[in-house]
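> Residue numbers (the working numbering), protein chains in the order written: chain H, 1 to 364; chain A, 1001 to 1335.
Simulated from the structure, these hints should not be mistaken for lab results. Keep in mind it's a predicted model, so treat the numbers as computed, not measured. Treat the hints with caution; some may be incorrect.
[Said to hold, decoys possible] Which chain A residues stay away from chain H? Per the calculated CB distances, all over 12 Å, these:
(1) Asn1008
(2) Ala1011
(3) Ser1014
(4) Ala1031
(5) Leu1096
(6) Leu1108
(7) Lys1142
(8) Ile1163
(9) Phe1203
[What the hints assert, rightly or not] Quick list of simulated restraints, FRET-style, between CB atoms:
(10) Leu1015(A) x Ala164(H): 27 to 33 Å
(11) Ser1296(A) x Met192(H): 19 to 25 Å
(12) Leu149(H) x Leu1015(A): 52 to 58 Å
(13) Val351(H) x Trp1024(A): 38 to 44 Å
(14) Trp1024(A) x Trp352(H): 43 to 49 Å
(15) Ala1297(A) x Pro4(H): 20 to 26 Å
(16) Leu357(H) x Ser1223(A): 26 to 32 Å
(17) Val1313(A) x Ala164(H): 17 to 23 Å
(18) Pro1040(A) x Thr2(H): 18 to 24 Å
(19) Leu149(H) x Tyr1302(A): 41 to 47 Å
(20) Arg160(H) x Leu1309(A): 17 to 23 Å
(21) Arg263(H) x Leu1290(A): 42 to 48 Å
(22) Ser1296(A) x Leu226(H): 28 to 34 Å
In this text, a Cβ means the ideal position worked out from N, Cα and C, and glycines have one as well.
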Amino acid sequence: MTGPSIEKSIAPLRSLVVEPVRFGRLFLAGDAAHIVPTTGAKGLNLAAADVGYLANAPTEHYCERSNADCGTKIVRQSSMTLLFDGIAYGMLLFILAVGLAVTLGLMNFINLAHGAFAMAGGYITVLLMNRAGFPFLLCLPIAFLGTALLGALLERTLYRPMYARPHLDQVLFSIGLVFMAVTAVDYVVGSMQQNIHLPDWLQGRLPIEAVGIGKYRLFIVVVCALLTVVLQWILSRTRFGSRLRASVDDPRVAGGLGLDVNRIFLVTFAVGSGLAGLGGALGAEVLGLDPTFPLKFMIYFLIVVSVGGTTTITGPLLAALLLGIFDVAGKYYVPKLGAFFVYSLMIAILVWRPQGLFARGTAR
Amino acid sequence: MSAVGSQNSPAAKSLRAYARWRWWELALLAALPLSWLLLPGQSLLLNEIAIVALFAVSLDLILGYAGIVSLGHAAFFGFGSYAAALFAKNVMPDPLVGLVVAIAASALLGLVTSVLILRGSDLTRLMVTLGVASILYELANKLDWLTGGADGLQGVVMGPLTIPFAPIAGFAFDLAGRVAYAYTIVVLIVVLLIARRLVHSPFGASLQALRDNRLRAASIGLSVPLRLVAVYTIAGGVAGAAGGLLAQTTGFSSLDVFDFHRSAEVMLVLVVGGTGYLYGGIFGAIVFKLLHDVISAWTPQYWNFWLGLFLVVLVLVGRERFVRPWTWFGRRHAP
């Protein structure tokens, strides 16, 4: 039977995830926590996963930390926990974004595709662990090396012609790369959220009464802090570091003095991409990993770089810590405002100090 | 002084020649209503194209003429869209009044946010514009009692389109989009005429001066901040008109209008069509929407990949060479 349509309307498909799903002692599960449109076809799976988590969570809580008293103590605990989670988040963001800061500072190149390298590292880890059975700790260096190689390759072939172009071209070029990365991963691996299974010794919390510290978060903080110290040492104490700093300050003069600025940049770009990949691997458990990762976290990386400035690495570090703490605390205490708070803070800071909060007064 | 100021000086002549109507401009303006007559079955698609074109014209005003790289132009588009939809739902369903409200609201938003883009580098402006769009996205998401949150704003019923001061009944929006497309074309042509007058005025010339060299423009006595505020406000209003048209012709407004995707897409549309001559948005929108239509019919889920590839190749080859295929295999000049 055929005939003209007599009425049209747009059927909105709802897709929503409440964040966070835990408010104090209230846990959300099923439709209260997330609604997935029928096209997503994973409503029941998610609900089943909720049941699994909710069955384990109280067991863990009461078996590992048997303080059953409620009230002020729990509130204080959670604020300390939040602070620690914020620091872990911030450190992770720093490792993810530090390569971007150097790219921007060294070649004045706006690389919106930086998150794609982080995603590559995350997927290398997930695929190696889940399909090839590699141990977690072995996957981390592989993620670093793999993305560093990828970064070096892309720098040589695609990025280098872009340095002299106007910022508009760079933005379009890197957005194009992001779109390609997102869809390619979606095509190859699928659009579902990826989970990694952490080794047992990284699961659960430390047995300290006053502060609830997740073991994995502590691991992240330790690894990232070590990396930061090493980076700072390389930058300030080694010959390569001083060459890099010279090139950042003035590439033309550095080149005139005989430094091979292109090579320095190749190495830096590769290391920066590798660090992003390592951050993606570490963060797969905390930040979540799905093909939209580069788009979702693009603004966070850019906030770290633009607020922190690109002339030092302490600037982005402080900016990342601030962002991590404010974001975690803001989403916990005022979930109604969501990321609103962080964006407003960023705009206020950038209007107040356009070159970044911690930038030295350079001419660039 | 007299030679420079007079009507027959070389400078005045070159400015007049620059502002002269070209034959293809007239042909383009005539082609818009003709497409309504000749392609009656494609009105829905054409309506979308015209809205994207209007949005891209707005971006051209700030990017092509004033040189501001914005990653959050969807802020104005979305603001106009929600303003028009809310006005129709809560105040009155008349489309023309609603459009004026949408333009006024987003022009006001442009005025307020223009102070944010006056300082800093390209990166700072990218971040600030992106931040404004993200804030509005969050607001529209969280103020669900007003905007419907993630469900979008439903139940917008538009009244018939009446012609002011004409003693005839209004035209109700039909399913095939005939009235909607006619409405959008008229708005697009009016905006193009106003924008054309604007960019060929002394104000438009001064915008191009400050785009090319801000320091020099300031040192010959142009007030750079005031001009940027003015053009940002106007562009905000035009983008709001595009958003308002979208909400009115689809009867729906959702979070999608503030999405990053929209800001990136309009930039692509404009760059494909060419910046800085006002009509780039129209050509870009036609190419982009037709490509979208063809590729997404072929591979609906992964069409973003081809969009990304297109962007990368376009930038690597360079737009100037990309639209001139005969130069691809010639001798390359050193840049």
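> For every hint, state whether the structure bears it out.
Checked hints:
no. : hint                               : in the structure
1   : Asn1008                            : holds (37 Å)
2   : Ala1011                            : holds (28 Å)
3   : Ser1014                            : holds (26 Å)
4   : Ala1031                            : holds (28 Å)
5   : Leu1096                            : holds (23 Å)
6   : Leu1108                            : holds (18 Å)
7   : Lys1142                            : violated (6 Å)
8   : Ile1163                            : holds (25 Å)
9   : Phe1203                            : holds (23 Å)
10  : Leu1015(A) x Ala164(H): 27 to 33 Å : holds (32 Å)
11  : Ser1296(A) x Met192(H): 19 to 25 Å : holds (22 Å)
12  : Leu149(H) x Leu1015(A): 52 to 58 Å : holds (55 Å)
13  : Val351(H) x Trp1024(A): 38 to 44 Å : holds (42 Å)
14  : Trp1024(A) x Trp352(H): 43 to 49 Å : holds (47 Å)
15  : Ala1297(A) x Pro4(H): 20 to 26 Å   : holds (23 Å)
16  : Leu357(H) x Ser1223(A): 26 to 32 Å : holds (29 Å)
17  : Val1313(A) x Ala164(H): 17 to 23 Å : holds (18 Å)
18  : Pro1040(A) x Thr2(H): 18 to 24 Å   : holds (19 Å)
19  : Leu149(H) x Tyr1302(A): 41 to 47 Å : violated (26 Å)
20  : Arg160(H) x Leu1309(A): 17 to 23 Å : holds (19 Å)
21  : Arg263(H) x Leu1290(A): 42 to 48 Å : holds (44 Å)
22  : Ser1296(A) x Leu226(H): 28 to 34 Å : violated (47 Å)
Hints 7, 19 and 22, counting from the list given before, are not met by this structure.
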